[in-house]
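Asker: Each chain, letter by letter, is given below.
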Amino acid sequence: MLPSDSTSLREALINIADPSGCFLWDTKGSVCYHDLVRGSCLNGRLSELSGRSVLVATRDQLITALALIELDGVARRLILCPPDLTSEQLSSVFANAEVDAAVLDSSQPQSNLRNCITATCHSNIVPAAGEQLERRSTEWVLLTSGTTSAPKLVLHNLSSLTAAIKHSDSAASPIIWGTFYDIRRYGGLQILLRAILGGASLVLSDMEESLGDYLARLGRHGVTHVLGTPTHWRRALMSPAAREIAPRYVRSSGEIADQSILNALRFFYPDAVIAHAFASTEAGVGFSVEDGLEGFPDDLLGGVGDVELKVEQGSLLVRSAGTAMRYLGTGPALRNEQGFVDTGDLVELRNDRHYFLGRRSGVINVGGLKVHPEEVETVINRHPRVRMSLVRARKNPITGSIVIANVILKEEPGQRATANRDVVIKDEILQICRAKLAKHKIPIAINIVTALAIGTSGKLYRHA
Amino acid sequence: MSIRETIISQIRQVAKEQNKKLGPLTDDLVLLESGLDSLEFAIIVARLEDSLGSDPLSASEDGNFPVTLGDFIGIYEDAAK
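Chains Y and X supply the protein sequences, listed in that same order. Counting in my numbering, the first sequence runs from 1 upward without gaps. Counting in my numbering, the second sequence runs from 465 upward without gaps.
Same shape as in the complex, but just chain X (with noise of 0.2 Å):
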């Protein structure tokens, strides 16, 4: 699975634990508007870590915060190259 595939299946499989309907996973889609709150927000990063083996967002040298879930894919694939 490519790390887009494995980002967006593990947002999909918090949403449905926590009972959240979402909207299209498009790229432009701000991350706070997807109706996903932080702490979900905080298990996907968490997940993540332990299936690809990085936290980028801490890792990050130059503190680039997401906005839309496109900087969110962009960032992992970014620290995965």
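Isolated chain Y (complex conformation) (with noise of 0.2 Å):
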């Protein structure tokens, strides 16, 4: 959490013992936090941002940290852009967050920005003015992944996204963090803050930049605290330059962390504390587990610190000073009535352990990349003899999980199913695939059924 005298990310900033020691580097350079103490990065335009609303959008995350910093109680809300997004997403962010100003950095194009003032943003540090301006809490707004749709508005303020960081977290000696993710999403901006108000420095990675390239720079700068999800590791692993980095700590979140991973990471770092946690945009941060195995003791039900979790209908629920607020514009309430929020997580209970099962919704994480089964079973439908079908997840360690499905076909009087026409069915239904999805919604296999699970009601099991 924040400390007790910082209200803002600057004064977190300047109750750092030694600033001039930390840094955020990224691979054009880097910007010492001492600088950061009294300086500015907004070309003077720090008082035409008071209280506005402050879409974030910079390409990279060094500028995006930069503007964060000097915004942080002095905007009314900061909405931080991650770098995907569609222009019809933008268009929705805008109306809901009520978007009235923009921060850029000097190579976009400010056209397409209606209605707001847009202000440049670089690494150029100049002292401050020195202006009094108003101070207050800013709000932030944090976009879920979300994949075609229109992606979700979750509010928070700097207490709420801070409330899993424990003073301890600024250890005895010194910590270099290091994030695969995106300090523009949840995950990824709990490491910035962590960096932040614990003193350390940051390498932040660039989307241009290969992995091997990422790890080699990680290992030059002397990294100790390196964060992924399961996904971002597995393909570490498979780089010879993860032999560069000698972290002390390794966290995978995000994704389900399965055994094979967490044993990969043993053997990998076996010097490193290798740790998974949960966490969501919604929830905050649920825990963190650091036993090497997968899943989570039955004992973290019920509350460990500040944060309470329970398991509903086989769904993980989090309470806790971290969780948001609630969604801006539209939608279903983020929390229920007495302030959980349900995290859409399946779990299962075995011998004294919680299991990951998968999401409630059937979404299927291939890689980092979501697939909606009912997607792919409506595409696989259109062939005239397939009566229904349903897409699930199978396992697998180089992409967590990959597409299978199971069909049922149409009896056809006279004709007798045969293992040479189910070949050719299966092929047909797979080019339907391919001429409609996207590579990793394609099922890797096909398999023809004669009965599909259905649940009391009406609706297929996706967990069976």
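Just so you know, these hints were derived from the structure itself, not from any lab. Please note that a few of the clues may not be correct.
Stated by the list, open to error - Here are some chain Y residues pointing at chain X (derived, C-beta under 7 Å):
{"#": "1", "residue": "Ser-239"}
{"#": "2", "residue": "Asn-263"}
{"#": "3", "residue": "Asn-396"}
{"#": "4", "residue": "Ile-448"}
{"#": "5", "residue": "Ala-451"}
{"#": "6", "residue": "Ile-454"}
To be verified - Taking lysine-lysine pairs in the DSSO-like style, the calculated list, with each CA pair at most 30 Å apart, reads:
{"#": "7", "chain 1": "Y", "residue 1": "Lys-436", "chain 2": "X", "residue 2": "Lys-485"}
{"#": "8", "chain 1": "Y", "residue 1": "Lys-395", "chain 2": "Y", "residue 2": "Lys-310"}
{"#": "9", "chain 1": "Y", "residue 1": "Lys-395", "chain 2": "Y", "residue 2": "Lys-441"}
{"#": "10", "chain 1": "Y", "residue 1": "Lys-439", "chain 2": "X", "residue 2": "Lys-485"}
{"#": "11", "chain 1": "Y", "residue 1": "Lys-436", "chain 2": "X", "residue 2": "Lys-480"}
{"#": "12", "chain 1": "Y", "residue 1": "Lys-426", "chain 2": "X", "residue 2": "Lys-545"}
{"#": "13", "chain 1": "Y", "residue 1": "Lys-395", "chain 2": "X", "residue 2": "Lys-484"}
{"#": "14", "chain 1": "X", "residue 1": "Lys-480", "chain 2": "Y", "residue 2": "Lys-395"}
{"#": "15", "chain 1": "X", "residue 1": "Lys-485", "chain 2": "Y", "residue 2": "Lys-426"}
{"#": "16", "chain 1": "X", "residue 1": "Lys-545", "chain 2": "Y", "residue 2": "Lys-395"}
{"#": "17", "chain 1": "X", "residue 1": "Lys-480", "chain 2": "Y", "residue 2": "Lys-439"}
{"#": "18", "chain 1": "Y", "residue 1": "Lys-370", "chain 2": "X", "residue 2": "Lys-485"}
{"#": "19", "chain 1": "Y", "residue 1": "Lys-436", "chain 2": "X", "residue 2": "Lys-484"}
{"#": "20", "chain 1": "X", "residue 1": "Lys-480", "chain 2": "Y", "residue 2": "Lys-441"}
{"#": "21", "chain 1": "Y", "residue 1": "Lys-370", "chain 2": "X", "residue 2": "Lys-545"}
{"#": "22", "chain 1": "Y", "residue 1": "Lys-441", "chain 2": "X", "residue 2": "Lys-545"}
{"#": "23", "chain 1": "X", "residue 1": "Lys-485", "chain 2": "Y", "residue 2": "Lys-441"}
{"#": "24", "chain 1": "Y", "residue 1": "Lys-395", "chain 2": "X", "residue 2": "Lys-485"}
{"#": "25", "chain 1": "Y", "residue 1": "Lys-439", "chain 2": "Y", "residue 2": "Lys-410"}
{"#": "26", "chain 1": "Y", "residue 1": "Lys-439", "chain 2": "X", "residue 2": "Lys-484"}
{"#": "27", "chain 1": "Y", "residue 1": "Lys-426", "chain 2": "X", "residue 2": "Lys-484"}
{"#": "28", "chain 1": "X", "residue 1": "Lys-545", "chain 2": "Y", "residue 2": "Lys-439"}
What the hints assert, rightly or not - Covered stretches of chain Y (chain X as the covering partner; in silico rule of three or more C-beta atoms under 8 Å from a C-beta of chain X):
{"#": "29", "stretch": "131–138"}
{"#": "30", "stretch": "397–407"}
In this text, a Cβ means the ideal position worked out from N, Cα and C, and glycines have one as well.
Got two chains here, each in a separate frame; can you build the complex from them with the hints?
Answerer: Following this line, the structure appears as structure tokens:
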């Protein structure tokens, strides 16, 4: 949590004992915390942005970090724009977050931002003007990783975003953070905030940098704490550059961490603490487990520290000071009446340990890319011989999951099922899928079956 | 067909299906530099599980992850011993 005398990121920087020894690094250079304490990156435009709802939409993560530090406590609202938004998604963000200002970097066109003032942020820090601006508690808006639909806008403030950060995180020996995450999403932002509040350096990634090059750069900076999804880690461990880092702490979150990736990390980094954590943009940080085993112990339910966890109808619920307030715009309530966030992640209790089964919605995560099974089923069902289909995940050590499909065929009078006929139909179904679906959504196997499990609600069982 | 031949043939089959050109499949080839992406390796591993009856990358107790093609084949050959 925030030190009691810090109400903004800038004040947290002021409280760092030795800001001249802390840096944010990216592929192009670095910025020292000491320069940020009294410097400005906004070309003297800070006062114009005071009290506004500011979209931060820069190409580089470093520039976003600089803008956040300068604007927190000054802007009414900060909206973090991930790099991969479509223009339709951006339109819904503008409307729902009442955006009236935008911070860009110098390389970006400013023509498509209507009805708002724009300011340019850069990494050349100049002394701040020292003007007295009204201080306020800034609202932070984070986007969930929507697929094709409009992303949800999740409302936090600096207190909720930093609720999981303990003062003891500022360890005796210096920490250098590295993360495969983008700081414009919840998981990555947690690392930026940990670095700033704990007075530690952070090595930022770049979307155009290869994984091997990022690992090599982490190694050169002597990274001590590295975080990513299991998918990031599986890719990293297949890179020869994975040997170039020697972290003390390695953490996976954002997807199910299975035993094979935890074992692989233990094997690769025998001297590191191997942790896996549960967090989401809405729920905040649920827990971090460091015993090297997949799932989490039953005794975490009820409460650990400030976080309460419970399981209802198979789904994990979280309540803490780190949970978000609400969604902006129309939509479902973010919390239930008791203040719990239903994460939609299904868990199963076996031998005093809860294991993650997947999403209640059935959404499949293939190497970090989402697949809605209904979309694939709709395509499969176009084949004239298909009566119904069920698309589900099959576990995979490289991408976490891959897509497979079970299919029931229509009976045709006078036609007998033969192995050869099934091969032809499977091939035809795959051809339809290849024509209509992105590569990660195409089932890698199609099984012709005679029955699919259907629940009492009449819906297909997706977690049979 | 030996395990090595089964693996090489499956890699070539997936590359063909995905219209990917492969260089020489030598033991020191770094998998991430082979021209195949992680989804394609995921498909190869799943098909090998079906044809060889084992998924040693998931089952591995020591958690050794393959970097080169030689590592990859070795993990399957060790699992069959």
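Asker: The structure should be examined with respect to each hint, and the outcome stated for every one.
Answerer: Here is what the structure says about each hint:
For Y:Ser-239, the shortest C-beta to C-beta distance to chain X is roughly 6 Å, which falls under 7 Å, so the interface hint holds. Interface restraint check: Y:Asn-263 against chain X, minimum CB-CB distance 3 Å, threshold 7 Å, status holds. Annotation: interface hint on Y:Asn-396 holds; nearest CB of chain X at approximately 5 Å, less than 7 Å. Interface hint status for Y:Ile-448: violated, as the beta-carbon distance to the closest one in chain X is roughly 15 Å, over 7 Å.
Because the beta carbon of Y:Ala-451 sits about 22 Å from the nearest beta carbon in chain X, more than 7 Å, this interface hint is broken. With its C-beta approaching chain X no nearer than about 26 Å, Y:Ile-454 sits outside the 7 Å limit, and its interface hint is violated. For the suggested pair Y:Lys-436 and X:Lys-485, the alpha carbons sit about 24 Å apart, so the restraint of at most 30 Å is met. A hinted pair counts as satisfied when its Cα atoms are at most 30 Å apart, and Y:Lys-395 with Y:Lys-310 qualifies at roughly 26 Å.
Restraint check: the Cα-Cα separation between Y:Lys-395 and Y:Lys-441 comes to about 15 Å, which is no more than 30 Å; the hinted pair holds. Restraint check for Y:Lys-439 and X:Lys-485: satisfied, since their Cα atoms lie roughly 17 Å apart, inside the 30 Å limit. With a C-alpha separation of about 20 Å, the suggested pairing of Y:Lys-436 with X:Lys-480 holds against the 30 Å cut-off. With a C-alpha separation of about 34 Å, the suggested pair Y:Lys-426 and X:Lys-545 falls outside the 30 Å cut-off, and the hint is violated.
Of the pairs offered as hints, the one joining Y:Lys-395 and X:Lys-484 holds, with about 25 Å between alpha carbons and a cut-off of 30 Å not exceeded. Between X:Lys-480 and Y:Lys-395 the CA atoms are separated by roughly 24 Å; this keeps the pair inside 30 Å, and the hint holds. A hinted pair counts as satisfied when its Cα atoms are at most 30 Å apart, and X:Lys-485 with Y:Lys-426 qualifies at roughly 26 Å. Of the supplied pair hints, the one linking X:Lys-545 and Y:Lys-395 holds, its CA atoms being roughly 24 Å apart against a limit of 30 Å.
Taken as a hint, the X:Lys-480 and Y:Lys-439 pair is honoured in the structure, with Cα atoms around 14 Å apart against an allowance of 30 Å. Restraint check for Y:Lys-370 and X:Lys-485: the C-alpha separation of about 27 Å stays at or below 30 Å, so the hint holds. Taking the CA atoms of Y:Lys-436 and X:Lys-484, the gap is about 20 Å. The hint holds against a cut of 30 Å. At roughly 19 Å between alpha-carbon atoms, X:Lys-480 and Y:Lys-441 fall within 30 Å of each other, so this suggested pair holds.
Between the alpha carbons of Y:Lys-370 and X:Lys-545 the distance comes to roughly 37 Å, so the proposed pair goes past 30 Å and is violated. Using a Cα cut-off of 30 Å, the hinted pair Y:Lys-441 and X:Lys-545 is violated, with the two alpha carbons roughly 35 Å apart. Taking the CA atoms of X:Lys-485 and Y:Lys-441, the gap is near 22 Å; set against the 30 Å cutoff, the hint holds. As the CA atoms of Y:Lys-395 and X:Lys-485 are separated by approximately 27 Å, the hinted pair is consistent with the 30 Å bound.
With a C-alpha separation of about 27 Å, the suggested pair Y:Lys-439 and Y:Lys-410 falls inside the 30 Å cut-off, and the hint holds. Of the pairs offered as hints, the one joining Y:Lys-439 and X:Lys-484 holds, with about 13 Å between alpha carbons and a cut-off of 30 Å not exceeded. Our distance criterion of 30 Å between C-alpha atoms is met by Y:Lys-426 and X:Lys-484, whose separation comes to about 23 Å. Simply put, X:Lys-545 and Y:Lys-439 have alpha-carbon atoms about 35 Å apart, too far for the 30 Å limit, and the pair is violated.
Against chain X, the stretch 131–138 of chain Y contributes 0 residues with a C-beta closer than 8 Å to a partner C-beta. That does not satisfy the three-residue criterion, and the hint is violated. Only residues whose beta carbon comes within less than 8 Å of a beta carbon in chain X count, and the stretch 397–407 of chain Y has 4; three or more means the coverage holds.
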